[in-house]
Amino acid sequence: MVLGGCILLSNALLAENWQLKIDDEGIQVFQQQKHDQYHLLHTKGEFQVTAQPATVFALLRDLTVCQQWIYGCLEAKRENEWVHMVFKGPLWFSDRDVVFDIEVTFLSEQQQWLIQLTGQPQFKPNDDYVRIDDFNASWLLTPIDQNQLLVTYELYMDPGIKLKSGVNKYNRDVTFRTLKNMREMLNQSPYIEQKVLPEKYQKMSTEE
366 MVLGGCILLS
376 NALLAENWQL
386 KIDDEGIQVF
396 QQQKHDQYHL
406 LHTKGEFQVT
416 AQPATVFALL
426 RDLTVCQQWI
436 YGCLEAKREN
446 EWVHMVFKGP
456 LWFSDRDVVF
466 DIEVTFLSEQ
476 QQWLIQLTGQ
486 PQFKPNDDYV
496 RIDDFNASWL
506 LTPIDQNQLL
516 VTYELYMDPG
526 IKLKSGVNKY
536 NRDVTFRTLK
546 NMREMLNQSP
556 YIEQKVLPEK
566 YQKMSTEE
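Be aware that the sequence shown starts at 366, since it is given in the working numbering, and climbs by one per residue.
Hint data in this document are derived by calculation from the structure and do not stem from the laboratory. Quick reminder that beta carbons are idealized off the backbone N, C-alpha and C, glycines included. A few of these clues could be false.
Heads up, simulated PhoX-like pairs for lysine-lysine below, C-alpha to C-alpha not over 25 Å straight-line [to be verified]:
id	residue 1	residue 2
1	Lys453	Lys545
2	Lys529	Lys453
3	Lys545	Lys560
4	Lys534	Lys399
5	Lys453	Lys442
6	Lys545	Lys442
7	Lys534	Lys453
8	Lys545	Lys534
9	Lys442	Lys489
10	Lys399	Lys527
11	Lys453	Lys527
12	Lys565	Lys442
13	Lys529	Lys399
14	Lys453	Lys489
Between beta-carbon pairs, the in silico distance windows are [as the list claims (entries may be wrong)]:
id	residue 1	residue 2	range
15	Lys442	Ile509	31 to 37 Å
16	Asp427	Gln384	31 to 37 Å
17	Ser530	Asn501	18 to 24 Å
18	Gln397	Asn445	30 to 36 Å
19	Gln513	Pro490	38 to 44 Å
20	Lys568	Gln398	38 to 44 Å
21	Gln567	Lys527	44 to 50 Å
22	Glu468	Thr571	14 to 20 Å
23	Gln476	Gly531	37 to 43 Å
24	Leu528	Gln432	21 to 27 Å
25	Gln397	Tyr566	27 to 33 Å
26	Glu564	Gln402	36 to 42 Å
27	Ser473	Glu564	16 to 22 Å
28	Gly531	Tyr566	36 to 42 Å
Modelling step: build the complete structure from the supplied sequences, incorporating the hints.
Spelled out as structure tokens, the structure:
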């Protein structure tokens, strides 16, 4: 069952021209140039875990522990309907910050949850950090069977550093480390005990 799912997924990724960059410890990271308008490569990472969508939602919504699993995250807090995060700058560069909103969609045909993060760079500038103007990310939660979940993370983040090859490598390394940490967190309390989605998401999953 799992092997068949991996084959189908690999075929889909090949069709989208994703190139495998990291395949280690059950985590795969891919990159591709989606369009010439993008300065950098898009990055996608994925892993399978014994968990329910509610488990992942519980971790994603708990901003107090972001520093424990999102690689390089120094701070995360909610600002009204937006989220503000601060990241340690790579190597000798200044720390970066990003502001984004979150949209959750239930894809009923495949019983998937899509969580989209869209950058809002105009929000509340902070002179202490370099604002990341070009940021978009998404989480896709795909049930494989009753207990197994495929977690797919896609990222486009341009920190405004001219060294293109270095930033592409940084983004794929960050994705790998973040997903590795995330998988460990999902197997810990209190997240592993979460089996029921928040009420507003339960309603979304039952609407036709």
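Verification of the supplied hints:
With a C-alpha separation of about 19 Å, the suggested pairing of Lys453 with Lys545 holds against the 25 Å cut-off. A C-alpha spacing of about 18 Å is found between Lys529 and Lys453, which places the hinted pair at or below 25 Å, so the restraint holds. The straight-line distance between the Cα atoms of Lys545 and Lys560 is roughly 21 Å, inside the 25 Å bound, and the hint therefore holds. A hinted pair counts as satisfied when its Cα atoms are at most 25 Å apart, and Lys534 with Lys399 qualifies at roughly 16 Å.
A C-alpha spacing of about 16 Å is found between Lys453 and Lys442, which places the hinted pair at or below 25 Å, so the restraint holds. For the hint pairing Lys545 with Lys442, the CA-to-CA distance comes to about 22 Å; that is within 25 Å, so the pair holds. This hinted pair checks out: Lys534 and Lys453 have alpha carbons roughly 16 Å apart, not beyond 25 Å. Distance check on the hinted pair: Lys545 and Lys534 sit about 17 Å apart at the alpha-carbon level, within 25 Å; holds.
Of the supplied pair hints, the one linking Lys442 and Lys489 holds, its CA atoms being roughly 13 Å apart against a limit of 25 Å. Distance check on the hinted pair: Lys399 and Lys527 sit about 19 Å apart at the alpha-carbon level, within 25 Å; holds. In summary, the hint linking Lys453 to Lys527 is supported, as the alpha carbons are separated by about 17 Å, within the 25 Å threshold. For a cut-off of 25 Å, the pair hint linking Lys565 to Lys442 stands: about 21 Å separates their Cα positions.
Among the hinted pairs, Lys529 with Lys399 is consistent with the structure: their alpha-carbon atoms are about 15 Å apart, no more than 25 Å. At roughly 19 Å between alpha-carbon atoms, Lys453 and Lys489 fall within 25 Å of each other, so this suggested pair holds. Between Lys442 and Ile509 the beta carbon distance is about 34 Å. The supplied range of 31 to 37 Å therefore holds. With their beta carbons about 33 Å apart, Asp427 and Gln384 fall inside the hinted range of 31 to 37 Å.
Our hint of 18 to 24 Å for Ser530 and Asn501 holds, since their Cβ atoms are close to 21 Å apart. Gln397 and Asn445 have their C-beta atoms about 34 Å apart, which keeps the hinted 30 to 36 Å range intact. Taken as a hint, the range 38 to 44 Å holds for the pair Gln513 and Pro490, whose Cβ atoms sit roughly 43 Å apart. Distance hint check for Lys568 and Gln398: the Cβ-Cβ separation is about 39 Å, which falls inside the suggested range of 38 to 44 Å.
In this structure, Gln567 and Lys527 meet the distance hint of 44 to 50 Å, their C-beta atoms being roughly 47 Å apart. At about 19 Å, the CB distance of Glu468 to Thr571 agrees with the hint of 14 to 20 Å. Checked against the hint of 37 to 43 Å, the pair Gln476 and Gly531 passes, with Cβ atoms roughly 39 Å apart. For the pair Leu528 and Gln432, the beta carbons lie near 26 Å from each other, so the given range of 21 to 27 Å is met.
Taking the beta carbon of each, Gln397 and Tyr566 are about 30 Å apart, inside 27 to 33 Å as hinted. Between Glu564 and Gln402 the C-beta distance comes to about 40 Å, which sits within the given range of 36 to 42 Å. At about 18 Å, the beta-carbon gap between Ser473 and Glu564 stays in the expected band of 16 to 22 Å. Between Gly531 and Tyr566 the beta carbons are some 38 Å apart, a value that agrees with the proposed interval 36 to 42 Å.
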